[in-house]
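S.K.: Sequence:
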Amino acid sequence: MAKNLLIVESPAKAKTINKYLGKDFMVLASYGHVRDLVPKEGAVDPDKNFAMRYELIEKNEKHVEALSKAAKAADTIYLATDPDREGEAISWHIAEILKERNLLKDKALHRVVFTEITPKAIREAVDHPRKIAGPLVDAQQARRALDYLVGFNLSPVLWKKVQRGLSAGRVQSPALRMICEREEEIEAFVPREYWSMEAEVNHPQQAFTARLVKLDGQKFEQFTVTDGKTAEAARQRVIQAAGDALHVTDVTSKERKRRPAAPFITSTLQQEAARKLGFTTSRTMRVAQKLYEGVPIGEEGTVGLISYMRTDSTHLSEDALAEIRDVIARDFGTQAVPDKPNVYKTKSKNAQEAHEAIRPTSALRTPASVGKFLGDDERRLYELVWKRAVASQMVPATLNTVSVELAAGNQHSFRASGTTVVDPGFLAVYEEGKDTKAAEDDDEGRKLPPMKLGQNVPLGSIHTDQHFTEPPPRFSEASLVKTLEEYGIGRPSTYASIIQVLLYREYVMLDAKRFRPTDVGRAVSKFLTGHFMQYVDYDFTAKLEDELDEVSRGEKDWIPLLERFWKPFKKTIDEKTESVDRGEATGARLLGTDPKSGKPVNVRLGRYGPFAQIGTAEDEEKPTFASLRPGQSMHTISLEDALQLFGLPRKLGLDDGKEVSVAVGRFGPFAKRGDTYASLPKEDDPYTVTFERAVELIRAKEEMVANRLIKAFPGTDIQILNGRFGPYISDGEKNGKIPKDREPASLTQEECVALLAVGKPVRKGGRFGKKVAAKKAPAKKAAKKAVDGEAAVKKAPVKKAAAKKTAKKATKKATKKTAAKKAPAKKAAKKVVA
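Sequence positions in the sequence shown follow this note's numbering and run 2 to 835.
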């Protein structure tokens with residue numbers, strides 16, 4: 002065994018580093034977090050100084066055993082997890098586990114950090130170790146405790162008041178609030194009409210357009226003209242005043258410098274990859290992780306191509322700066338290199354955690370030289386990182402803007418502008434992406450013909466254009482990350498996970514790559530904003546992040562921070578659990594009165610989603626209900642549209658003497674004839690589907706059922722069936738696979754019992770065809786990831802041992818094995834990111 006053990010987080014990183022350190026080192030991976038809070042109440046005890054109860058994450062137990070075995074044989078242990086507070090906490094947890102197992106006695110334990118995976122960086126880190134940073138660990142524990150306390154206490158209130166299965170997270174909830182408030186702005190927006198006017202100028206050397214800036218001696222502003230009649234009258238006045246030409250009254254030329262953007266930090270990388278490459282935040286981070294950990298580059302072997310990708314710092318190391326400046330001089334000339342390196346101010350107070358901006362580990366590895374070794378995603382992202390880092394150290398671009406005033410008589414004038422590049426500077430390598438609107442309004446690249454004061458320029462035509470103001474756009478991933486960063490909500494490692502949990506929980510959906518809140522998401526946000534405003538307040542959340550940063554710098558103690566948060570939070574939880582009305586919490590909205598019955602029509606959120614209701618529980622007759630259709634929202638649906646929902650079930654006619662109808666049930670829309678039900682596919686609307694189409698679906702279902710049964714065993718529930726993906730065995734509770742070398746019809750009952758014993762629980766349909774786990778979940782439950790403090794409150798049931806009896810030896814053996822497997826197992830801890 003090697004004398005030295007170095008522990009990193011990922012196996013890919015371990016494989017790369019192992020090649021750099023030689024035979025005296027063994028490099029192993031922890032596979033991320035090794036332990037977490039026990040997934041039940043009491044894991045954080047506020048009455049005992051917020052004592053935290055940890056347990057091993059079940060899926061990583063085998064990796065912990067491998068680390069323990071290697072640690073026992075090693076003389077020196079190096080903890081080389083990621084250079085941020087999460088990485089620091091993982092190192093601390095590993096050290097605690099080894100200490101509990103008495104494996105650190107008479108051994109040296111070191112913490113080493115590096116921001117790039119290169120031989121030089123790794124060797125330098127090993128040569129300059131330090132101790133585990135207690136303040137960073139405290140900050141991570143405080144964050145974890147806060148997320149746990151929010152998740153375990155606030156989520157049950159949502160269950161009672163809004164809908165079962167919901168969750169609330171400390172950072173996730175303010176992000177959801179942003180998206181919902183933007184949606185409310187859009188719905189409340191009233192467009193305003195306005196008109197613009199442009200002149201088509203026929204200059205002999207080059208035609209161009211100019212926009213009206215003065216009308217009737219007054220500045221022409223956005224809402225100066227707000228209707229077509231006024232616009233046409235104004236156009237005629239300008240035409241009459243101008244005649245055949247416009248008169249040049251002013252020509253100004255202004256030279257300006259534009260500095261390059263700073264090298265990437267996590268948030269700017271996510272934003273730019275979204276704008277330029279169309280990547281989601283999670284895709285960006287996944288690809289960046291691969292580039293950081295290492296990819297095979299020809300004869301060089303596996304190489305880490307970029308520095309650590311979770312960072313708030315725009316700083317570049319001296320070595321990196323020197324190499325980048327050499328590359329600029331070589332490829333773009335010495336005139337493109339500034340006298341001194343460009344320095345960028347880092348916004349984050351806590352940027353020292355990860356030390357450097359995201360950059361290529363060697364600027365000498367140009368995108369062209371390594372591109373052939375990379376997949377398309379890796380190649381495109383590496384090129385983005387390389388160009389941004391190199392451009393950040395180049396001279397500014399020199400731009401010249403020419404602006405010309407063109408008079409139409411004495412009372413009206415137009416203006417035309419154009420910007421040309423005098424010296425491209427950094428623009429020869431990279432230009433930051435722009436929002437669509439900004440790109441449309443930019444006159445950069447437009448060159449005007451030469452004009453002199455007093456010159457008359459031929460006028461081609463004048464036209465007016467109608468416009469309407471637009472509502473603020475919904476958030477894209479890039480704009481949401483930017484806004485979260487501006488408000489100080491979350492940190493680099495959390496942005497992607499915040500977005501993922503909002504999508505996973507179906508609080509928001511992506512519509513044309515923009516976030517639209519669902520009715521469930523809006524109900525959750527409205528409830529939290531109405532009753533827990535302090536905890537979804539942007540300033541409060543940002544201040545809490547700043548306090549956690551202060552803990553990480555050793556400026557504050559973490560326990561008083563938790564005490565200040567916990568006491569008022571717990572008091573609010575207790576009060577709202579008792580006082581809040583559930584009808585109000587579900588977003589009940591009165592639409593009007595049903596003209597047929599005279600009863601009120603409401604919409605609200607129910608157990609299975611939003612629905613409309615005619616009547617109330619106090620009426621003699623029971624109220625009637627109807628689910629909203631896909632695409633409808635309880636916040637915008639009209640009375641007329643809601644009443645149409647009660648047009649189901651629809652009776653379409655008779656087939657074989659039986660009534661054919663369509664309706665919507667718990668599991669979605671369906672057609673029915675007698676005892677036969679057939680689900681309607683997405684393209685069929687239950688409100689418009691024809692009799693012929695419904696009969697076609699029903700008959701197809703009957704044919705499928707007729708051909709489904711291959712073999713049955715009398716006196717049992719066991720059947721061999723034809724399924725969507727081929728034959729299988731089922732007893733209604735479990736499904737079993739059929740060996741590839743067996744003819745399904747030739748299987749015996751005993752063989753089927755044995756195959757079912759190692760099969761999987763039946764998955765049953767959820768609402769609108771969604772899959773939900775069967776009630777009998779497997780004993781060993783894999784660790785389920787949650788984000789931003791979403792912890793499960795209810796413990797999942799553990800499967801009981803089977804008790805099937807059969808005389809055959811094979812059956813007994815299978816049952817015995819199954820019983821052993823189904824013994825209660827340790828429940829894996831839920832991983833929480835944020």
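In case anyone wonders, no lab produced these hints; they're calculated from the structure.
Cβ atoms here follow ideal geometry from the backbone N, Cα and C, with glycine treated the same way.
Do not rely on the hints blindly, as some may be mistaken.
To be verified - Ranges of calculated distance between the beta carbons of each label pair, as one might list FRET restraints:
1) R630 - T210: 41 to 51 angstroms
2) S370 - F469: 46 to 56 angstroms
3) K571 - A701: 31 to 41 angstroms
4) R630 - G654: 47 to 57 angstroms
5) T717 - T677: 40 to 50 angstroms
6) T210 - L454: 55 to 65 angstroms
7) S462 - P631: 19 to 29 angstroms
8) P631 - T691: 18 to 28 angstroms
9) Q535 - T421: 23 to 33 angstroms
S.K.: Confirm or reject each hint.
M.R.: Now for the hints, and whether the structure bears them out:
For the pair R630 and T210, the beta carbons lie near 46 angstroms from each other, so the given range of 41 to 51 angstroms is met. The hinted range of 46 to 56 angstroms is satisfied by S370 and F469, whose Cβ atoms lie roughly 51 angstroms apart. A hinted range of 31 to 41 angstroms is violated for the C-beta pair K571 and A701, which are about 57 angstroms apart. Against the hinted window of 47 to 57 angstroms, the Cβ-Cβ separation of R630 and G654 comes to about 23 angstroms, which falls outside the hint.
Checked against the hint of 40 to 50 angstroms, the pair T717 and T677 fails, with Cβ atoms roughly 25 angstroms apart. T210 and L454 have their C-beta atoms about 21 angstroms apart, which leaves the hinted 55 to 65 angstroms range violated. Taking 19 to 29 angstroms as the suggested C-beta distance range, the pair S462 and P631 does not conform, at roughly 48 angstroms. The given range of 18 to 28 angstroms is respected by P631 and T691, whose C-beta atoms sit roughly 20 angstroms from each other.
In this structure the supplied range 23 to 33 angstroms is violated for Q535 paired with T421, their Cβ-Cβ distance being about 53 angstroms.
The structure shown violates the earlier hints numbered 3, 4, 5, 6, 7 and 9.
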